[in-house]
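J.: According to our numbering, the stretch in the sequence shown is residues 167 to 416, in order.
Don't take every hint at face value.
With beta-carbon atoms standing in for the labels, derived distance ranges [as the list claims (entries may be wrong)]:
#  : residue 1 : residue 2 : range
1  : D224      : K316      : 40 to 48 Å
2  : R237      : G351      : 18 to 26 Å
3  : D215      : S192      : 13 to 21 Å
4  : P288      : R381      : 24 to 32 Å
5  : D215      : R367      : 32 to 40 Å
6  : L382      : P314      : 15 to 23 Å
7  : T393      : P359      : 21 to 29 Å
8  : V200      : T414      : 28 to 36 Å
9  : K350      : Q244      : 22 to 30 Å
10 : K316      : D282      : 17 to 25 Å
11 : R390      : V355      : 37 to 45 Å
12 : Q363      : S192      : 26 to 34 Å
13 : L386      : L349      : 33 to 41 Å
14 : L291      : Q244      : 46 to 54 Å
Here are the simulated lysine-lysine pairs, DSS-like style, with alpha carbons at most 30 Å apart [unchecked claim]:
#  : residue 1 : residue 2
15 : K401      : K342
16 : K350      : K298
17 : K331      : K316
18 : K295      : K316
19 : K298      : K324
20 : K350      : K389
21 : K401      : K223
22 : K223      : K246
23 : K342      : K324
24 : K223      : K389
25 : K246      : K350
26 : K342      : K331
Treat the hints as calculated values from the structure; they're not laboratory data.
For glycine and all other residues, C-beta sits at the position ideal for the given N, C-alpha and C.
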Amino acid sequence: MMYRLTVLLFCFFIVQSALAEQKAQSQLQISTPVWPGFTNADGTGAYADLFQLIYPKDQTELVWHFSNFGRAIHLVQQGKHHMVPGLSAYESGKEHQGLLLSAHPFDFDLIVAIYDPTHTAPPQLELLKQHKLAWDLAYDLHLVLGLPEKGYEVLGIKQGLELVKNRRVDIYLAEKSELHQYLKGAGAVQLQPLRYQEMLRDPIYLAFADNESGRLFKALWDKRFLTLYKTGQLKQFYQTYPQLTLPTLP
């Protein structure tokens, strides 16, 4: 009787251990800034819904870790989290080190140039290098825009707008949807008298940790993203979120 009880207890602990391991493996640790409307602080948003579509809720739990973009990238590079969204293929080698990009982009950043029309002519892409520029920390926009060097890096949109208004920089470069979300918020610095002009669309990717778990989540993403694209489910999903742009895949 005692032997049977010992065996049953042993089996119980083995099963519990296996279940705990399975649960840990099914948690996708996401490292990201709070991007209102995309990755909200409560774990909702367009990107959150897209990630849950790719990783079904009954198979994968999304666990959110919020920080600034530079730290979010760094934590995935260290292998502490599995994935960070929003990287450009043009990011520097330093930014890509220890990361694996998704096979295809999942959205686009629409880069806009914000300027004061009383001091600066409407910006042109090929003439940006002639201006004193600023953009958000950890965004390598000089690589995206073909500029010879980095601009002044700011902590956020509020600081960028204030720099232009105070004539400390000529142009602040930002992502259009992020700018619109910011301007809707309470206490936002008003855009007037500044204006903005669209510069280009930059495809953005998911970046996964270059370790066993990261490679597994990347393989699942790449396979399911392509499958849902071919079945038309992704197109249907993106149509419900006008702030997202579905890339054209081969």
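J.: Does each hint fit the structure? Answer for all of them.
T.: Okay, the hints, checked on the actual structure:
1. As the Cβ distance of D224 to K316 is approximately 44 Å, the hint placing it in 40 to 48 Å holds.
2. Evaluation of the 18 to 26 Å hint for R237 and G351 yields a pass: the beta carbon distance comes to about 22 Å.
3. Roughly 19 Å separates the CB atoms of D215 and S192, a value that falls within the hinted 13 to 21 Å.
4. Separated by about 45 Å at the C-beta atoms, P288 and R381 break the suggested range of 24 to 32 Å.
5. Checking the proposed 32 to 40 Å range against D215 and R367 shows it is violated: the Cβ atoms sit about 22 Å from each other.
6. Against the hinted window of 15 to 23 Å, the Cβ-Cβ separation of L382 and P314 comes to about 40 Å, which falls outside the hint.
7. Distance hint for T393 and P359: a CB-CB separation of about 49 Å, inconsistent with the stated range 21 to 29 Å.
8. Between V200 and T414 the Cβ separation comes to about 29 Å, which falls inside the hinted range of 28 to 36 Å.
9. The hinted window of 22 to 30 Å between K350 and Q244 is violated, with their beta carbons roughly 34 Å apart.
10. Distance hint check: the CB atoms of K316 and D282 are about 22 Å apart, consistent with the given range 17 to 25 Å.
11. In this structure the hint that R390 and V355 lie 37 to 45 Å apart at CB holds, the actual value being about 40 Å.
12. Separated by about 45 Å at the C-beta atoms, Q363 and S192 break the suggested range of 26 to 34 Å.
13. For the hinted restraint 33 to 41 Å between L386 and L349, the CB-CB distance of approximately 36 Å keeps it satisfied.
14. Evaluation of the 46 to 54 Å hint for L291 and Q244 yields a failure: the beta carbon distance comes to about 35 Å.
15. For a cut-off of 30 Å, the pair hint linking K401 to K342 stands: about 22 Å separates their Cα positions.
16. Taking the CA atoms of K350 and K298, the gap is about 27 Å. The hint holds against a cut of 30 Å.
17. Using a Cα cut-off of 30 Å, the hinted pair K331 and K316 holds, with the two alpha carbons roughly 21 Å apart.
18. For a cut-off of 30 Å, the pair hint linking K295 to K316 stands: about 10 Å separates their Cα positions.
19. Of the pairs offered as hints, the one joining K298 and K324 holds, with about 18 Å between alpha carbons and a cut-off of 30 Å not exceeded.
20. For a cut-off of 30 Å, the pair hint linking K350 to K389 is broken: about 37 Å separates their Cα positions.
21. Restraint check for K401 and K223: satisfied, since their Cα atoms lie roughly 20 Å apart, inside the 30 Å limit.
22. For the hint pairing K223 with K246, the CA-to-CA distance comes to about 22 Å; that is within 30 Å, so the pair holds.
23. At roughly 14 Å between alpha-carbon atoms, K342 and K324 fall within 30 Å of each other, so this suggested pair holds.
24. A threshold of 30 Å between alpha carbons decides the hint, and for K223 with K389 the separation of about 17 Å falls inside it, so the pair holds.
25. For a cut-off of 30 Å, the pair hint linking K246 to K350 is broken: about 34 Å separates their Cα positions.
26. A threshold of 30 Å between alpha carbons decides the hint, and for K342 with K331 the separation of about 18 Å falls inside it, so the pair holds.
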